[in-house]
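These protein sequence lines map, in sequence, to chains Y and A. Position 231 (the first sequence) corresponds to 231 in the numbering used here; numbering is contiguous. Here the numbering used here runs 1000 ahead of the position in the second sequence, where the first position is 1.
Worth double-checking, as some hints may not be accurate.
Here are the simulated DSBU-like pairs of lysine-lysine, each with C-alpha atoms no more than 35 Å apart in a straight line [unchecked claim]:
| id | chain 1 | residue 1 | chain 2 | residue 2 |
| --- | --- | --- | --- | --- |
| 1 | A | K1173 | Y | K103 |
| 2 | A | K1103 | Y | K15 |
| 3 | Y | K15 | A | K1183 |
| 4 | A | K1103 | A | K1183 |
| 5 | A | K1194 | Y | K15 |
It should be emphasised that the hints constitute simulated quantities derived from the structure, not laboratory data.
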Amino acid sequence: MSTDAKDVTPVTRAKPVAVGRRVFLGLAGLGALGIAFGSKVQNAVDGALGQGLGFLPFGDHFRIYSITGGFPEVSRERYRLKVSGLVDRPTTFTLADLEAMPKTSFVKNFHCVTGWEVPNVAWEGVKLSHILDTVGVQPGAVALSFDSYDNADTESLSLDQARLPDVIVAYKMLGANVTTAHGGPVRLYVAPMFGYKSLKWLSGIRVVDTVEPGFWEVNGYPVNGWLDGATGPTDPDPSFT
Amino acid sequence: MRILRFDRVQRGAHWANAALFGVLMFTAIPLYFGSFFGIVFARHTIAEIHLWCGVALPVPIIISLMGPWGRQMRRDVRRVNYWTRSELRWLRTVGRAPLEADKFNPGQKLNVIFIGAMIVIMLGTGSIMWWFRFFPVEWRTGATLVHDAFAYAIFAVVVGHIVMAVTHRDSLKSMFTGSISEKWAARHAARWLKEVAEESPSTD
């Protein structure tokens, strides 16, 4: 440039450095590395932090969603689970009824389909298969449709899926009664599938002759929400012990 | 005498970008903290607003860089990209080393580079989070982490940017009116002033 000669300051314009490009690519690279390895980093940090601080991106914590903009408040005393449809004995269970059934408890991860995950969540409840056996499923039944006290969310499972041993109607979670925010007093927990299949505030189970896609499935999520992304109708969770 | 600092295209791009960032940050707060603390609201609506503002985010900048109207914008991008040794020294010494400043000082340049990179990163990670079906679950976890972590950085930088703007009224005014006094330029952007004077000697 012609102005160089007039420059009296020690500024040398001869060799400008493309700092902008470097910083830009550096940040973009950091972002890409984060996408690729963030899950491993997060596992390591979460292991060290435990529950962590509720507002940091690290730490094992749930992100709580509701599709209605509110949580239905259902007391433990007034809670009812209505089982209807193609069954021999349509029954409405109280919470005490459910708690009197054979307990199943295990520790399993909760995976949200969007990517966050809470490891080692303690679950307790009754196997869905036990409830089905109690009411008696009629021939011709193919699937279950689940309703929620929020009057908005619905879910579906094929009969085969519903009979998997790690699919439960849960009344305890994280070592205590299921809180309202987590879908209490009673929610579904479908361990081998992503979290949207584990319907909160479970109010009804209808035994039906066809799979009725639920709320999230109508909105584009896979009807079979297997964690490994498999789309087969019944492949059981290989990690179940 | 006053000289043109930001032309109409740049001002339009800046304020459109600022408005989009504003809505994105404003909606990010309930989306992020609401889910952690179980506060309820019309989440889906807010998420949709956040999504579409995010998708629109690069549009003002791309439009302002294209076409014959984007000449000054493109030129300023080059300015922000290329740094002199003394600018690097100025940054290393946190402003103590002497510097005949360009149109933008190294701090301002870093701000532009950072925001540019963030637009790309947040758009990329946000897309993975929203259209998650097309990506493996590990990527989604990573994208969520990156999106959240960089969001904290964006809040810090944008708050800093606004503090600098309101404490430097002349600069701020030039982002509304486009022009700045030669006196200001002589003090804060001497190298740029020389450049302007050379290009339009008739203004003397």
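(request) Any hints from earlier that this structure breaks? Give me their numbers in increasing order, please. (result) Of the numbered hints given earlier, the structure breaks just one, which is hint 1.
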